[in-house]
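K.L.:
Protein chains in written order, with the working numbering: chain U, 17 to 228; chain E, 206 to 867; chain Y, 663 to 1141; chain P, 30 to 332.
Hints were generated in silico from the structure; no laboratory data involved.
Fair warning: there could be bad hints in the mix.
To be verified - Here are the simulated distance ranges between beta carbons: (1) E:Gly-258 x Y:Leu-703: 56 to 62 Å; (2) E:Ser-799 x P:Ser-31: 17 to 23 Å; (3) U:Ala-97 x Y:Arg-806: 24 to 30 Å; (4) E:Leu-217 x Y:Ala-1011: 34 to 40 Å; (5) Y:Ser-693 x U:Glu-214: 31 to 37 Å; (6) E:Ile-742 x P:Gly-278: 29 to 35 Å; (7) P:Lys-76 x E:Phe-807: 40 to 46 Å; (8) E:Thr-803 x P:Met-304: 38 to 44 Å; (9) E:Pro-794 x Y:Arg-1098: 45 to 51 Å; (10) P:Ala-94 x E:Ala-679: 15 to 21 Å; (11) Y:Leu-703 x E:Leu-217: 52 to 58 Å; (12) Y:Leu-703 x U:Glu-214: 51 to 57 Å; (13) Y:Ala-1011 x E:Arg-833: 18 to 24 Å.
From the three backbone atoms N, C-alpha and C, an ideal C-beta is built for every residue, glycine too.
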Amino acid sequence: MHTAPQVALLFIVLMNFAVLGTSRLSTCIRAVAVQGLLLGVLALLLAPRFSLHTGVLALGTIVVKAVTLPWFLAWAIREAAVRREVEPLVGFNASLLLGVLAVALAFAIAARLPLPGMQQELLVPVSLATVITGFIVLTARRKALTQVVGYLVLENGIYLFGLTQTESMPFLLELGVLLDLFVVVFIMGIVVFHINREFDSLDSARLEELTD
Amino acid sequence: MMLVAAGILLMLVAALTVAALWRRVALSDTAFRLFMVLGCTLGAIPAVRVLSGAAVPDVRLASLVPGGDWVFGIDTLSAVFLLAIFLVGGACALYGVAYAEHDHDRRRAAGAHALLAVLVAALALVVTAQAVVPFLIAWEVMAVAGYLTIISEPERAEVRRGGLLYLVATHTGTLALFAVFAIWGNGARDLTFASLAAHPPASAGVLALVLWLALAGFGVKAGIVPLHFWLPEAHAAAPSHISAIMSGLVIKMGIYGVMRIIALLVAPPVWFGWVLLALGATSGFLGVLWALAQHDLKRLLAFHSVENIGIILLGLGAGVLGVGYGHPVMATLGFAGAALHTFNHALFKSLLFLGAGSVGHATGTRDIERLGGLAKRMPRTAAVFLIGSVAIVGLPPLNGFLSEWLVYRSLFQGGVGTGSARFVVVAAVALALIGGLALACFAKVVAVIFLGNPRDPLAREARESASGITRPMAVLAGACVVTGLAPVLVLPPALRVGSMLARSASRDTMSLVSAANGPVTVFVLALAAGIALAAGIALAWAARRARSSVQPSRTSVETWACAYPVPLTARAQYTASSFAAPVLALFRPVTGVSVRRTAHSFATHAVDPVRTGLVLPAWRGVAQAADRIRRLHRGRISLHLAYVIAVVIVLLVYLIAAGGAS
Amino acid sequence: MRLLAICLLPALGAVFAFALSGRRFGAARVSTLVGIAAVHLVLVATLWLHPAPAAFGGWMGQDALGLIVLSLTSVLFFATALYAVGYLRRERPRGGRVFVGGLLGFLAATSLVALSQHLALLWVGLEATTFTVAPLIFHRHDRRSLEAVWKYLLISSVGIALALLGIFFLATAQSGAAGRPLLLPDLLAHARDLHPAWLRAAFLFLLAGFGTKMGLAPLHTWKPDTYGEAPSLVSGLMAGALTSCAFLGVARITQVTMAAGMAPFVQPVLLGFGLLSLAVAAIFIIGQSDVKRLLAYSSVEHMGLLVLGLGLGGIGAYGTVLHVLNNGLAKAWLFLVAGNVVLATGSSAAAANRGLMRTLPVSGALLVLGLFAITGSPPFGLFQSEFTILRAAVGAGHPWIAAAMLVFLAVIFVGMALLILEMALGDPTPPATRARESWWLLAGPVALATAVLMLGVYIPAPLQHALASAATALGGLAP
Amino acid sequence: MSRNALISLIVLLVAAPLLPGIALKTKSVLTGRRGAPVLQVYYDLWKLGWKRSVYSATTTWIFRAGPAVMLVSLVAAALFLPLDGRAAPAAFAGDLVAFAALLALGRFALVLAGLDTGSSFEGMGASREVTFATFAEPALFLCLIALVLATGELSLSGMLGAPLAAAWTRAPASLSLVGISLFVLLLVENSRVPADDPATHLELTMIHEVIVLDHGGPDLAVILYSSALKLALFAALVASVFVPRARLGAAASVVALLAALILVSAAVGVVESAMARLRLTRVPQLLAGAGALACFGIVLLLA
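Let the hints inform the model, and build the full structure from the sequences given.
P.N.:
Encoded structure:
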């Protein structure tokens, strides 16, 4: 039965590479949305028995990560009228290479940190890989919006790791985490909107006035 | 100790009253004078009682902050400093009030008075604190109050620079003291001086570290060369009565600190004695040499304080060596000489600074090259300044000679002894050289300011200062003369302090006291005999002349200039730079004097070689290094995030490394 | 019950203030701010007299460390509320709907962090502070504050995400052991049988996450920009309260690791972060020309000292907890005074604010006294805590750390003195006349200054007891 | 204070003006001239005593007090020297410091009096006097230290009295070195030839004579007598080192003192006739040389 979660995890890694590889912002956002969806599905698959708690949680994840946030980011793109990540700090194929290295590093670390009583041995390495990919996108891209996407990927990685602890994390706190994520990204969206209006470009390299 | 507490309280009340009712000048000034005088006399009483052998009970407050109980008490060492603090502090406060009487900015004057009162109170607390935490608190309050009094005219850049240099130096010194008491307090039960004395640093290495740090911390405050760089700038920036307190009392706290450390150590190591001796000789020699090169009166007096600190250190060095080599008499005399010279220096140095203030007040300038002939115009200030100069050079009738004699006596005592203590006597040569240079320096100062013809209209129109200014100076001058002519008043307490520090049996001290008392009175008798003899000859001669037909003396003639046709103008006189030039020529590399000669002008500019050659370049180097590192860090967001990732990776590597280990 | 009230009251206040839109409700909004701040202070005071039982199913409870941080936050917030009255009257007459709402939200979040015994709840609270403070930083709506808020949001969110990962690692480490998951009392009780590898990973990630919120070097890069551009009272609150709450997070995980006997693993990391923060602060303070950025680097320095004290153990822990209190009060005092300066001259650059002693005498005097307080000069409280940390360094056999600490403190004093004294004493460039300083703007700093001075000379008995128990909880001992 | 000490003191005070005369006489005889009578200084003193004193307008009371203070300090210093070879009229442990300080007081008074006139000549003299004093004091102290180490005594009476004879047997080399450097000190302190020429009239080259340029009448007489007394003091010092008189009888010691003084002033005369004046910058080196001799003596004693 546990082949389905493995497929989902593999798809998540694929989505990581999609985010790293593409220069079109809309593709990035769609990839993150798919990842959110997969997270929701995985929550259902991994739960030992279906209960109201896991159901609502999975639904909440899908609603927040797969629907609302990507829709909000897409609205931001239309508002800022920007289509493509022009010359990023680190080239696209270089990012892909980093992505592969990230996966390798993740597997090495996971090997040293044995997860007690966890049957899905793929889960920890994939979550660490997603976290490191999130980091790469954050630092390697110039557009503010892409950095928000990078942050979302990072969150997905951490959330994925969180799935291993479904029974220890009480329902209310899962909701708290989701709510916090939603509000932070929402505010980042507003700030991106202001950046666009102030600098009429989303290039974070412009943001360098404050220095010693 | 209660009386001292009452005295300190009164001074704080004085500060509050003057700060509160600064608008009504007359009322606040008289109230301030009354409270200060009352506070000082109240505080002085227990000091005198302790010095005359009585014991004063300690005051112990329960510990409200980490670091053990707060203990305050007066032992003989504190008493000497306490007496000097109240005597000089009171005089300077009265002087300050008179000095600022017609100051237009009443707010600033009132502020200065209040800060002065706080400074004197803090000084008294530093000296009576017998536990680390209250000592450090009083120490920093003194440093900060000192800073705030120095910058009483902040609009001048020179004042701000001097103040900042003082503040940075004293704060760095305080940090060294933190280290001293942290290391020493590590083994002790709690942080009172008593428990520190009970648990001295165990190993010789730790003791060496503590002593070097203490020397650095207290040395910065005392102005030991090379840590003296802030002293001339701070004194030049401060108003004169504040410089008087700075030189007379505040830098003495550095000496008090070193003495307290010696008192707490059961047996100070011998190398510490040699270090003190060496530092004393260098500080003394370089201090007086740099003083000779100055022609700004306050900087000159400030450098002179460095010289006197050198002399005090010679005494301390002799004391420590006496204890180290087992010569109790030499140790007692050395410490007694140091303590007495500290007290004397507080008296005559503050007197000289007040004199400088009076001169500055009357003429409006500090550059002695533009003064001259003030003795006729300011007779009282001239007389008082002359007394101060004779005392500071250590010439017989006055108190300066007494304390230098004690230091010489202890150095020679080493010479008479056996073993390697005999090499101590060579330091006497350094003291002699310092004495010679001091004579040259103060002959120059007195002559150029007070004698001959006025070199500048400023000096020509000078008028004697108000009695409110000259009266405190007269009090200090009187104190110098009394302690000089009546050594029986001063020697026994000094020897009592010496024996406390040298831990010699009281039997020895009493014999020493009588040994010292006897001869010095003989000395005074000899002086009196000499005067009587000369007076007898003169009277007999005058009587013979009166009967004969010799006309009375004429005083309307110009100075005889070897038949030079034109009467001598003021420009013919020797200036300060020309007077000191031959001496400075002999020690050229060290003096830091730069001569600027143009077609029709000649000017020498003396600068403190340590400050310009060592301290400022060091700070510029640090600032440039920091600047280079700062340039690496641009404001780009991705760089900031890169730092975060770098930290994560480093922690992961640490996790794997440590994970494998444990 | 009181614990819930302490957290919910400000939250409700925030919603209420946010709801009152429009100019005419300005006065109402400000009075709610001050009212709630006062009630919060009273409630926290009652906690000192007779402690409240655990609430919310054990997730929220009162322990010595939490209480100290909560009281600090409450005192700072009340002082800032008083200041805000004067500030809003002059800066934005119509009450600033977002401003007051944000402040109250911030108070709720920090109270939640201080009182939570459940680490995930603590994480949620800290995350909430991020998004309540973000609009406050962006108060001036100009280009520079935009850049500041963007950097703050991005770096803090990444930090908080790392902390979340750390919490999940902690949960994994506890999966084998008994006790309710992620609850501090249970974690401490069964610390020995937590999974060592995961616990170490949890400690590192939580330290990295909360370290970013604290502003430890090299995770401090957002601090100078944020404190430099945010309104001074917000910077004061962040520097005083937010950093202390973040430190609380680090302290909690240190408590757990110390209980699990991992001191040899934990201490080098803490010492490393501490010394690095001191070094970075020293380097960036020299030649600094903006007073608020200077105070930001001073905050980095003091965070370094906190972590250094924690890493040294012994009486260092006591010094650290006392230093949290002292640093919070002193930092808020200095930022509020810097606020007065900026209000008067419109810029926080040193060159534009010379001769403060004549133009703003009271603020000038407070600034100069603040310089002595923040650099650990004796009569003030910071000396007591820094001296205790120094004694701990010597006691724990780290003479070189003590030496490095003293050298950095000396360099930092020189850098700060150069700037602040030039500002206070220089001759004012345009000969400015003496500005009238409103009482609202001075009450806060004066009260905080007296508190710091008092802590230097006298620590009240209940506080001494709380400090001692907090120190022992952190694996140290009282001096 | 024994009767003998009092007599020898009075002898010294009376005979003091004789010594410059003898020095001048020996110098002129050696250079083939008859020279002024030996008692010339007494005649000058008598002549000046009757003159009217003239004071410049720029001077203050310091100008008039200068000579008096110098005389008093020198007389007081004389009280400490063991002129009868055994004990000085006044003696206490460490009185060598008092002796040096009294000399310094005299010099300080003279320099201030000179500078008070406000003329460049006196300024020149004062500056040179002070420069040489800076080196003379340490040299004097080096000699005194050597004596302390040699005899183990702390007062001049002890050092130059009975124990000195015993010390001669123990360390003759270092004591002779001390004696020589004391003699050089005598020459410099009293402005004798190598340092300054008492007979010159070119003010620009003078040191001692030029400080007192403006003094006249009785003041000049007091100064002349003081400088003669100073020469007598140093001569007595040198004599006591070379000729310990502790063992002689009462009358014999006085005669021995007189003979020694005359011998030393004759030696000064011989040196004056043999050498020319040194350049001003050379004099500090001369003093340094004297100091070095004393140092060598000390090293011999300490080794």
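K.L.:
Please go over all the hints and tell whether each is borne out by the structure.
P.N.:
Right, here's what the structure says about each hint:
For Gly-258 (chain E) and Leu-703 (chain Y), the hinted distance range of 56 to 62 Å is satisfied, since their beta carbons lie about 57 Å from each other. Checking the proposed 17 to 23 Å range against Ser-799 (chain E) and Ser-31 (chain P) shows it is violated: the Cβ atoms sit about 59 Å from each other. The hint said 24 to 30 Å for the Cβ distance between Ala-97 (chain U) and Arg-806 (chain Y), and at roughly 25 Å that hint holds. Against the hinted window of 34 to 40 Å, the Cβ-Cβ separation of Leu-217 (chain E) and Ala-1011 (chain Y) comes to about 38 Å, which satisfies the hint.
Restraint check, Ser-693 (chain Y) to Glu-214 (chain U): a C-beta distance of roughly 34 Å satisfies the suggested window 31 to 37 Å. For Ile-742 (chain E) and Gly-278 (chain P), the Cβ-Cβ distance of about 30 Å falls inside the hinted range of 29 to 35 Å, so the restraint holds. Range check, Lys-76 (chain P) to Phe-807 (chain E): Cβ separation about 43 Å, and the 40 to 46 Å hint holds. Range check, Thr-803 (chain E) to Met-304 (chain P): Cβ separation about 41 Å, and the 38 to 44 Å hint holds.
Take Pro-794 (chain E) and Arg-1098 (chain Y): their Cβ atoms lie about 58 Å apart, and the range 45 to 51 Å is violated. Against the hinted window of 15 to 21 Å, the Cβ-Cβ separation of Ala-94 (chain P) and Ala-679 (chain E) comes to about 19 Å, which satisfies the hint. For Leu-703 (chain Y) and Leu-217 (chain E), the Cβ-Cβ distance of about 32 Å falls outside the hinted range of 52 to 58 Å, so the restraint is violated. Range check, Leu-703 (chain Y) to Glu-214 (chain U): about 39 Å between beta-carbon atoms, so the 51 to 57 Å window is missed.
For Ala-1011 (chain Y) and Arg-833 (chain E), the Cβ-Cβ distance of about 23 Å falls inside the hinted range of 18 to 24 Å, so the restraint holds.
Violation of the numbered hints given earlier is confined to hints 2, 9, 11 and 12; the remaining hints are satisfied by the structure.
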